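Number of protein chains: 2
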Amino acid sequence: MRITDMHITPIAVGDPPLLNAAGLHAPYALRTIVELVADDGTYGLGEVPGSAATNAALEAAREVVIGQDPFQLNAIRREIDERLGTGGAAARGEPAWTKPRLVHVHSGVEVACFDLMGKAVGRPVVDLLGGRARDRVDFSAYLFYKYEGAGGDLGFGTDSNASGWAAARQKAALDPAGVVAQAQAMRGAFGFKSIKLKGGAFPPDEEADAILAMYEAFAPGTPLRLDPNAIWSVETSVRIGERLKGVLEYYEDPTRGQAGMAEVRRRTGIPMATNMCTTSFEDIPGSVAHHAEDIILSDHHFWGGLRSTIELSRICQVFGRGLSMHSNSHVGISLAAMTHLAAAIPNLTYACDTHYPWQGDEVIVGGKLQFDDGALVVSNEPGLGVELERAALAKLHEQYVRCGLTERNDEIEMQKVQPGWKFQAQRW
Amino acid sequence: MRITDMHITPIAVGDPPLLNAAGLHAPYALRTIVELVADDGTYGLGEVPGSAATNAALEAAREVVIGQDPFQLNAIRREIDERLGTGGAAARGEPAWTKPRLVHVHSGVEVACFDLMGKAVGRPVVDLLGGRARDRVDFSAYLFYKYEGAGGDLGFGTDSNASGWAAARQKAALDPAGVVAQAQAMRGAFGFKSIKLKGGAFPPDEEADAILAMYEAFAPGTPLRLDPNAIWSVETSVRIGERLKGVLEYYEDPTRGQAGMAEVRRRTGIPMATNMCTTSFEDIPGSVAHHAEDIILSDHHFWGGLRSTIELSRICQVFGRGLSMHSNSHVGISLAAMTHLAAAIPNLTYACDTHYPWQGDEVIVGGKLQFDDGALVVSNEPGLGVELERAALAKLHEQYVRCGLTERNDEIEMQKVQPGWKFQAQRW
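Residue numbers (this note's numbering), protein chains in the order written: chain A, 1 to 428; chain B, 1 to 428.
With the rest of the complex left out, here is chain A:
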């Protein structure tokens, strides 16, 4: 079995004006779809966070991917590293691709190879990863402070014909009441059992108030998480932590760096989670030395693929870390990959993050994947179990070209609303 072609298609998907520590989401989120075509007439899909730089890295990888057998993941990884890494690129007088770019390339290609392999052997991807540790994968409601607006072509506008969640997600949420209303709408629409609030947007006590309002509204039995994206000092994190002790399931990246996280952990005793201070295998020794966190939020796009994430799960088991799953804005290919992966990891016991309800656009046949009582049922179809809707892909690629965005920059978007707004690594 040989890979005969590799299509790299940048897309832009409508995204509402969601707030976070880095600023504001643009009306479009960028993703890149990787399609590998095989000599048996099948194709495999991958999806990674989009940017012009990632697209260029994928283009550069194409020459070593074409001709490979998709089962030869070790060889493909090695050849991509040789082509794009320090050695290979420097030898040709090109700048080497950075590590974050390389893990995206590995992830996009590996997921597409797993899709091809699954189709070739008539098995869902989960079965090529050790099989099902569970039949359903729980996801978490992922709440955002947000301005009113639908995103996409509507930008800050709204579609008055929308109903249900499509209407609810247009609404502003700028205070505890708005956040609780958003949670109620999202839980009503999808059935999520856990709730995460993306913080870092408003003064810390206001965000703590929002968590406490949700505790009032949904406790007991609804795990709550708060993620200020490391924009708080250790002292602020500890002070707010004291307010939220016994309320939070976990406290996600309140402050920056492993040492700071470790200090907040020691002083508050609240379980700490991260996708910011321990984000790669290179960070693991420091995590162990500091005991920076209790839970690692894996992300196959950032850890280099599905197999790497399973290896991370063993590291978590060995060092007593729990495992959850991080998300960026994405469409159904990534969601399907996340679901197969989560289903194959016995110790991934937390509901996974997903931005999926915020995006209306989709590239897969049948439209958006449907949550069942807050979970996705693991597909039993060969491969990822999703097929490409080529007309939708073309439309979202046109949207990419038209919107003119080439990378995510939440600071610039925020400046359009609040002129002169600047990102601060530590704001409070």
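Incorrect hints may have been included.
Only part of the chain B face toward chain A is listed, based on derived beta-carbon distances under 10 Å [stated by the list, open to error]:
hint, residue
1, F71
2, M117
3, A120
4, L312
Since the hints were derived computationally from the structure, they do not count as laboratory data.
Please read all numbers here as calculations on a predicted model, not as lab measurements.
Beta carbons are placed, not taken as given, at the ideal position from N, Cα and C, and that holds for glycine.
Starting from the known structure of chain A, fit chain B onto it as the hints suggest.
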């Protein structure tokens, strides 16, 4: 695809009188062959170190293995743990199986499942583990001090009709000259490029003399290893280490425990390897805290299978450990599994140990696997690429019944030669 039957066949294979810190090898080494039969008419093979207790554990596992889909490795593992582990066994008033027994069961069943999976999809096992990081797997010459004798029915006797390596392996090796002669014969027969000497049998300086004699005979370009099986004190290990600094590729378990190994490592600066102080995932945090070793000798029989060993390889990469491979006496099923596994691990860069040249008996069609210039060429046949020779299996099972051994006990064997001999955890 369903597993419809599980055959557990204990066998005894002829083994010469090899010396080590624990005493003397019996004339037979015990292994247990696991055969899983599937509803598509295929079968998958596994092999584990033999003992009555392991056989009983495998028998107890049978009831949860039959009926499973071999791709569902996570479910099979969980159900075996539930059946044999503390919870399940205790609930039925049975003693729980110990962890070392459980990893053997997991390993034997998992390898047989991979063999079935490979046959089902028409791919070698290596391709289900991420594909080939290499096409050939290097093995090391594994030297032993030994008494004269062929093992098996001949015991301490010899077969005067034997020729080549079969004749050479009957000879005694009790001093440096004998060890060098054994190395020459084994390298001549198999082409091994690295040499390991099992020590712990003679006074430390005599064993150091043997290593220095090999350095004289084979250096440069022949990596040398010495493994006293942790029977030396830290002081002895350091003193002998000083004699062998710059001579050894690695110093394998000269002393007992992670703290002792770490001290020898610090004081000698020689790369330290272990399959005794860091032998399970539970030992990894201590290994990191102590920096007990530089190289971990993996063994899929002891780490719980092929996937677990790949996870170990990532841990080694993360914490700057090299990876090599340990061996016990075994036949071709384990050797095939070791070869597929080693081929799939990019950072397994050391030649692997194997006792294989010492065993004359075999259970696979075509007789013993053949080394090519010290390496095995990775099979491209579906599954492990070995088939069961049922007449040979029956003969080796009869041998098991007849020899009366139910577990390995090198101390008892040694007492037959040296009455009153006692194992000492630290002898020198």
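Against the structure, the hints come out as follows:
{"no.": "1", "hint": "F71", "verdict": "holds, 4 Å"}
{"no.": "2", "hint": "M117", "verdict": "holds, 9 Å"}
{"no.": "3", "hint": "A120", "verdict": "holds, 8 Å"}
{"no.": "4", "hint": "L312", "verdict": "holds, 8 Å"}
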